[in-house]
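All chains should be built: construct the whole structure from the sequences, respecting the hints.
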Amino acid sequence: MISALAWVRKGIAAQQPVSVQYTDEELLQFQKEAQEELDAAKLALNSAPPKQDNDQQIDNKTTPVNDNFDDLAEFDMDNYDNEVNEDNEPVDIDIEQQPPQESTALAMFSNSSHLLQFKGDDQETDPYIDLDDGDNQSEIEELEVDPRDNMIITAKTELDISTLEIYIYESEMENLYVHHDIMLPSLPLCIEWIGHKLGKQKGTPGIGNYVAVGTFEPTIEIWNLDIVDVMMPDLTLGGKQRSNLDKVQTVQWHPTQTPVLVSGSFDKSVAIVDTRTDAKNCIMYNFDSDVEGVTWDIHNENCFYSNFESGQVVYYDIRFKSNQENNGRLFTIDAHTNSSCSALDVHPTIKNCIVTAGTNDRTVKIWNTQNSDKNVSLVVSRDLNIGKLFTAKFCPDSDFEIAIGGDGGSLITWDLSFNPGIVSSFGINNEGKKRKTKPVVTASSGNSGANADDEKTENLIAELQSGAGLSVGDNDDSLDDDYSDDSDDDYDMN
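Heads up: the sequence shown begins at 1 in the UniProt record's numbering, then just goes up one per residue.
These are calculated hints, taken from the structure and not from any lab test. Note that the coordinates shown come from a computational prediction; the quantities given were computed from them, not determined experimentally. Be aware that one or more of the hints could be misleading.
[To be verified] In silico lysine-lysine, DSS-like type, Cα no more than 27 angstroms apart, as pairs:
| # | residue 1 | residue 2 |
| --- | --- | --- |
| 1 | Lys10 | Lys438 |
| 2 | Lys351 | Lys433 |
| 3 | Lys202 | Lys32 |
Shown next, in the form of structure tokens:
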């Protein structure tokens, strides 16, 4: 499943990522920490009470064991090396007539005598050893990041193995593929991209390319995305001095005050912390429902959204936190009925535009939080058939592209730039813009990849057989025009 994702703007990622080089001291420290965690796990296992199964009947009777039983008797191992003829009869072999063992062993290598003459520095001239760095050069080219492409970071878990998968999204080519990944020690719940340098690179000039990861531990890990084969985070926040008291579910840096961080936890609280001060000096909000996410309003630095397991979305102004009546709440949206509102994001350039995603209803919804009647209205609602949804984010470099992930483990991007409801509600001007062949792109259906052409062919055949008769350029309409009948309904601000 994909539990969280984050975009990286074009031109931010290093064009040539570097491979990490650890010192012997760092490797020994990693080994020591791993051993400490292993010892702690063993101690916890040994200290746990024995599991009792009342339904299991224990038979104290023992079954006699035949010590003379030979389970290899059917293979006749005593005569395994003896030669036999076609009738499976033993054949006597005259060892004296056999060629020397050495010549038999080396018969496969007619020039075997030459294999021993190149030693040390002479290996560079050894015709049997290819030291050309062509493979290395090819790997470097594969890792190269085009500044015209976006990065998408996903927190992914499969079979209890958690990783950060870093994708490259080639919007013009409608292609999406995994660039590299990072192993995580614990299941990730949320991630947030960071644009300033931290850890070992703190204070150095330039833009950083880092990600903050909230896991099932009450800590936040900071990873450098421009380094591959990395084993440990550059920085870890939390520990004994922390604001949240339970697993961190969501984190986000302030859009203008970069040292300010808002986080939500399983203890049903939201904490706003200034990392330049003591973590104890923070603004706390407590709720009756589990916090699924918190998101700063990039268009109003004093406000943030919070989405809950109850399916609601609440908009807060931190300047009115002391208000005893509403705690700074401005309005509430019942975004997803009988479903958790698992994800929320604010459009980076369009005011009053948010996207939400639900788990049980499996829908992505686009909202206008202040339409012409100064009410909240639903603009688009769509089930993309990828299972329960856990995360959805707007692309920072396009008019209306969204990346979405869920329990199916597939990452998709959805282009809504030409959707009639979106164009009408937010006044998007598409004059002179190229329409995509397909509005939805997945990592398996991009233009590159082993099965890309086959999948497109199968889709086209299916459309023709169904009588749809759609041309390639018309495929866009099926998603662009599909928005719910209640898209014009208004939701009064509470």
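Evaluation of the provided hints:
1. Lys10 x Lys438: Roughly 22 angstroms separates the two Cα atoms, so the pair holds.
2. Lys351 x Lys433: holds, 22 angstroms
3. Lys202 x Lys32: The hint holds at about 26 angstroms.
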